[in-house]
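All chains, please: the whole structure from these sequences, using the hints.
Protein chains: 2
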Amino acid sequence: MGKIEDAIQQKEFKDPFNKLVVNILYTQSYLATAQNSLFKPYAISPEQYNVLRILKGQAGIPTTVSSIQDRMLNKMSNASRLVEKLKSKELVIRTECPNDRRQVDILITQKGLDLLQDLRPQVEEANRDFINLNLEEIETLNDLLDKMRG
Amino acid sequence: MGKIEDAIQQKEFKDPFNKLVVNILYTQSYLATAQNSLFKPYAISPEQYNVLRILKGQAGIPTTVSSIQDRMLNKMSNASRLVEKLKSKELVIRTECPNDRRQVDILITQKGLDLLQDLRPQVEEANRDFINLNLEEIETLNDLLDKMRG
DNA sequence: TTACAAAAATTGACAAGTCATCATTTAAAA
DNA sequence: TTTTAAATGATGACTTGTCAATTTTTGTAA
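Residue numbers (our numbering), protein chains in the order written: chain U, 3 to 152; chain G, 3 to 152.
None of the hints are false.
Identical chains blur together in the list; that is why a pair holds if it fits in one copy or across any two.
Listed below are the simulated DSSO-like cross-link pairs for lysine-lysine, each with C-alpha atoms no more than 30 Å apart in a straight line:
{"#": "1", "residue 1": "Lys-87", "residue 2": "Lys-58"}
{"#": "2", "residue 1": "Lys-21", "residue 2": "Lys-77"}
{"#": "3", "residue 1": "Lys-113", "residue 2": "Lys-87"}
{"#": "4", "residue 1": "Lys-89", "residue 2": "Lys-42"}
{"#": "5", "residue 1": "Lys-91", "residue 2": "Lys-13"}
{"#": "6", "residue 1": "Lys-58", "residue 2": "Lys-16"}
{"#": "7", "residue 1": "Lys-16", "residue 2": "Lys-5"}
{"#": "8", "residue 1": "Lys-77", "residue 2": "Lys-149"}
{"#": "9", "residue 1": "Lys-21", "residue 2": "Lys-5"}
{"#": "10", "residue 1": "Lys-42", "residue 2": "Lys-13"}
{"#": "11", "residue 1": "Lys-16", "residue 2": "Lys-149"}
{"#": "12", "residue 1": "Lys-21", "residue 2": "Lys-113"}
{"#": "13", "residue 1": "Lys-91", "residue 2": "Lys-21"}
{"#": "14", "residue 1": "Lys-89", "residue 2": "Lys-21"}
{"#": "15", "residue 1": "Lys-77", "residue 2": "Lys-13"}
Hints are computed from structural coordinates only; laboratory data are not their basis.
This is the structure we're talking about:
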């Protein structure tokens, strides 16, 4: 049994709200650590993977830095710097936007697409390994998380 | 409606597992950002708050660095450095353990306890503000997260 | 007892989150 | 048109997460 009380050796919580906050933070760490070791051999971080995933989702349409930021899991992150890291690995290219010279168009490269392709089966396998729930439970969990944020 | 699809502007997901991973990572960021701005006026981070909470839970019993690490939400974190930050703010004291000189006993100070006391009502209020669920839903969510990790 | 392995904590290096500030460029107001 | 405000991205400083290496101390086996 993976009860949160055992995981962090805390017998009881002030109230159910507090327990839920702790449980979500702990579960995120559980997933993030797994993701981290999955991506490590490919020399990218979960955050960089997420940016690549966003760019692939744009299906070849150039995407600005702020648009990437809006789609990121962590809105406070520093998309500008992540893009720079990806560029130095030749996983994306960055071109000045002709319409608005303040903006910068970001595009995933073939090398970036190949990396996502290689990772795909491993990501899917890891997701199944680390989520011990059936489809109905997953749907309930997704709905409750959505509702929780209001 | 706070659906995850809208939050990150992604129409659909590869599979329910993938959607759940994304949803948990996003929800953690949602909570962590709220915590961050709550603690900011008190010049501590959510992680430092968590260490103080652990020490208070020990009820005056000296706690070693590795024991703190075991109880932290993020097991990969650097407890040694967090303790050093708290010590420089006089929120904890650090004494060499007499039985085993490799270990270091950490104890929360009165100043640290006072800080937790001041924060308590605000943390409780924030938890309620950011969790739009009833008690039954919270319990279901807690149970599903526990089961998910196996 | 010596020698070696394990445990505990610290430290260094790098990536990412957080936040403030800056420069450039665009859009709007006077 | 001139001035002002807003948008966009980059950068710097600081904290934390991640992980490997190092130091000190303890425990154990030869």
